[in-house]
Amino acid sequence: MTMKFLHIPCRYVVLLLGSLWLFQTGMAQSNWAPNRYYGIPEEEKSIAFFDEFEDNHNNWNLYALNVRMNIEDDLYCESRTPHPVSKFQSVPFNQNGNYEIELRMRFVRGNDFNATGLTFGRDYKGSAFNFFFVPQGKFKIFMEDRSGRGRGYDLQTSESSPLVSRYATNTMTVRKVNGDWYFFINQELVAQKPAQELFGDQVGFTIGGHMSIEVDYLKVSEIRATDEEGPILTLMQPSLKGAQLVSFTESNQIIKGKVRDASGIAEVLINDTPISVDADGTFSASIMLPHGPTRIDIVAKDNYDNQTHQSFYMQYYPAEPIQQQTISQLGGKNYILLIGINEYDYWSNLHNAVKDCSDVSNELTTNYQFDRAHVIKLFNEQATRENILEAFEDLQERITDKDNLLIYYAGHGYYDSDSRRGYWVPSDARLNKIADFIRNSTIHDYINSINSHHTFLIADACYAGSLFAQSRGVFNENARSRWAFTSGEIEKVWDGQPGQNSPFARYLLRALQENREPRLRADRLIHEVQTVVKRNTAQTPVGHPLQNVGDEGGIFYFERKTYAGR
12 MTMKFLHIPC
22 RYVVLLLGSL
32 WLFQTGMAQS
42 NWAPNRYYGI
52 PEEEKSIAFF
62 DEFEDNHNNW
72 NLYALNVRMN
82 IEDDLYCESR
92 TPHPVSKFQS
102 VPFNQNGNYE
112 IELRMRFVRG
122 NDFNATGLTF
132 GRDYKGSAFN
142 FFFVPQGKFK
152 IFMEDRSGRG
162 RGYDLQTSES
172 SPLVSRYATN
182 TMTVRKVNGD
192 WYFFINQELV
202 AQKPAQELFG
212 DQVGFTIGGH
222 MSIEVDYLKV
232 SEIRATDEEG
242 PILTLMQPSL
252 KGAQLVSFTE
262 SNQIIKGKVR
272 DASGIAEVLI
282 NDTPISVDAD
292 GTFSASIMLP
302 HGPTRIDIVA
312 KDNYDNQTHQ
322 SFYMQYYPAE
332 PIQQQTISQL
342 GGKNYILLIG
352 INEYDYWSNL
362 HNAVKDCSDV
372 SNELTTNYQF
382 DRAHVIKLFN
392 EQATRENILE
402 AFEDLQERIT
412 DKDNLLIYYA
422 GHGYYDSDSR
432 RGYWVPSDAR
442 LNKIADFIRN
452 STIHDYINSI
462 NSHHTFLIAD
472 ACYAGSLFAQ
482 SRGVFNENAR
492 SRWAFTSGEI
502 EKVWDGQPGQ
512 NSPFARYLLR
522 ALQENREPRL
532 RADRLIHEVQ
542 TVVKRNTAQT
552 PVGHPLQNVG
562 DEGGIFYFER
572 KTYAGR
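Quick note on the working numbering: the sequence shown kicks off at 12 and runs consecutively.
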């Protein structure tokens, strides 16, 4: 199931919390019989297009190479080519609803073993659905796909039928009702198939090679929806339990539900944003809540535009941490490991990785409780696979349980979609040589083995998203923490213009520079950077605790040097 990330740019102002809205209109299902030609009353149909060819008021193109055409009481076509020729009109009608398309025509003379008949749902490329008869007594239903995805296939292979008349008129009808197509020849059902999405709105007929035909009329009708009830909408998460306001201490929340409707689901919207719906009707969206109450509006629509609405409020106020002695009061040190690679031996070079690392380091050592003596730098040719691993091993020996560690990686990332594994790419890594890369799980192992109080990993690289544990909402500063913050999910991220910071690094620096809190929690930094990066780029930064690497529920703090509590 694909999860959609939903960003709400501003908060709804809540003046009054009313009751939970749930609107659902209803009307009883009619007793139609769509499988019988006269099973739907004519008054239930509205004509979208009708041409009896008394004249050419619909401006049919009567000129085609090797085809003679004229209109006078009917449309006469004589084909002098071995290839079929299609004639069509664009007819606006509700393709998601019920409809009926009907063509009445007759074979006059010529090659009676070629097919002719109704063409519908055609687009400008020529992709179309066809309901043809062969004057010798056969019919066929097939799809032509000229979009490049394929050549089409038969919905109904050529089949003999006594209903097909050789020289008298044949009425070819296709009717769509509640997701099924019903095909009629001369008012008798010959096939029932699951309806498919049409390629376009062009409707008309096809003349077989070396034959003459007469077309009596072409009609397109919309059929009133038998379903006038909105979809059944079940909210699974959050659990409302009769409430109209649900409170959270974490800003990143999931909205999950299920919709079903016999007529099919056209779309689900959460606060006007379309959400993907799985085949079983399940939908899910991740939402980043602003501080305070936020109104959530869910709208589910079926294929006849019947709607179900559900509204409620989600309220976010972050929990205050359990404050105990700070790391500086315990006498620990803040270490920084910087890995920035602009220049690669085999991979394409980057513009700003080293600058990003340096700028973040300068900000932290100038305005926060980080000492330049405890900054480890691996830039460009220094950032080989061997040197990176040795740096981690050195930190294993150097760092104590009173110390904090911040790791900042800026460079290429690689993701193997087959194994679903992510990698860092050192400066000496060869192209397509996974053995030269550093697997994310290796980074996790080192983080697990480094005996720091808090470890905070920041990775600005393509495909940096990894597996995260769920944040708990209440943090004990005295407990160990192992968090990661990546510039994107499993996606490519932008390096930025030469000489500037990457978008991720730029907004990270801005958040640190503009922060006026004496002690900035890492989760609040993540939220602030996430919001502005998603608003201004196509990236989706991710920040959560890391799994199975020693996280115990703590949280990393960025402590300003002016903090009076030291």
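Any given hint might turn out to be false.
[To be verified] Below, a list of computed lysine-lysine pairs in the BS3-like style, where the Cα atoms sit at most 25 Å apart:
(1) K204 <-> K56
(2) K136 <-> K230
(3) K344 <-> K413
(4) K230 <-> K366
(5) K344 <-> K56
Derived by calculation from the structure, the hints in this document are not laboratory data.
Checklist entry - If you check each hint against the structure, which ones fail? => result 4 and 5
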